Amino acid sequence: MPLNETNQAEFDKLHTQIHDAIRADHEVRWMQTVGNFGSVRMPEQGMFVKTGPHGNSPRGSIGWVAQVRIKQGQFGSDNYILCHAGPGPGPGDGDGGWLMQHSNNAFYPLTPAEVELVRPYFSDCLPESESFPNGITLGSEETRAIRFLIEPPKDFQPRGGEGASMRMTTVGADGSKTITETVFL
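The working numbering runs 22 ahead of the 1-based position in the sequence shown.
Derived by calculation from the structure, the hints in this document are not laboratory data.
In this text, all values refer to a predicted model and were calculated from it rather than measured experimentally.
Each residue gets a CB set at the ideal place from its N, CA and C atoms; glycine is no exception.
Don't take every hint at face value.
Restraint-style ranges between C-beta atoms, simulated for each label pair [stated by the list, open to error]:
(1) Met64 with Ile168: 13 to 21 Å
(2) Ala195 with Asp42: 50 to 58 Å
(3) Lys199 with Glu66: 38 to 46 Å
In silico EDC-like pairs for lysine to aspartate or glutamate, Cα to Cα no more than 20 Å straight-line [what the hints assert, rightly or not]:
(4) Lys93 with Glu173
(5) Lys35 with Glu136
(6) Lys35 with Glu49
(7) Lys93 with Glu164
(8) Lys93 with Glu152
Construct all of the structure, not just a fragment, from the sequences and the given hints.
What follows is the structure, encoded as structure tokens:
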């Protein structure tokens, strides 16, 4: 039952279930994360994970690790390339799984029980069926890489968050709100 329009609602419920389980057992699950700045664990190729903060949509937050580009993500974080189930969000992403870059985030490995629940939605793109013999690109031929763990190229300059912004609202004890907006130049 690959992920498609007919079972998207079921997958969304499963996503919520996994998200709630991670939140309920956050202290234990946080110690198992891969990819964040405090993590001492490296992922395994094909490891099913759920990303940390990802916006309001579950699309693109559960996947398996196809490749990791060490220190090549935003702010020098690791850049994870995850394979996601179902039709991709953009034109040309295909219907049987799609790749997406994730950086500057934490990745929670799914429990064996959670992996068994999500695997059917990935039936068109399971880790044991995908080898990427021609490597993975990040939009241009010069970014093609074939291995799983990719060290930065010589003279690589980590990219910052140029153009990225974030807004934080602080609510005081009296109910007053203060908004702080940070823009990375």
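Now the hints, each set against the structure:
1. Checked against the hint of 13 to 21 Å, the pair Met64 and Ile168 passes, with Cβ atoms roughly 18 Å apart.
2. Evaluation of the 50 to 58 Å hint for Ala195 and Asp42 yields a failure: the beta carbon distance comes to about 29 Å.
3. The hinted window of 38 to 46 Å between Lys199 and Glu66 holds, with their beta carbons roughly 43 Å apart.
4. Only pairs whose Cα atoms come within 20 Å are accepted, and Lys93 paired with Glu173 is accepted, the gap being roughly 8 Å.
5. Between Lys35 and Glu136 the alpha-carbon distance is near 13 Å, which keeps this suggested pair within the 20 Å criterion.
6. A C-alpha spacing of about 23 Å is found between Lys35 and Glu49, which places the hinted pair above 20 Å, so the restraint is violated.
7. In summary, the hint linking Lys93 to Glu164 is supported, as the alpha carbons are separated by about 17 Å, within the 20 Å threshold.
8. For the given pair, Lys93 sits about 24 Å from Glu152 by alpha-carbon distance, which is inconsistent with the 20 Å threshold.
Going through the hint list in order, the structure does not satisfy hints 2, 6, 8.
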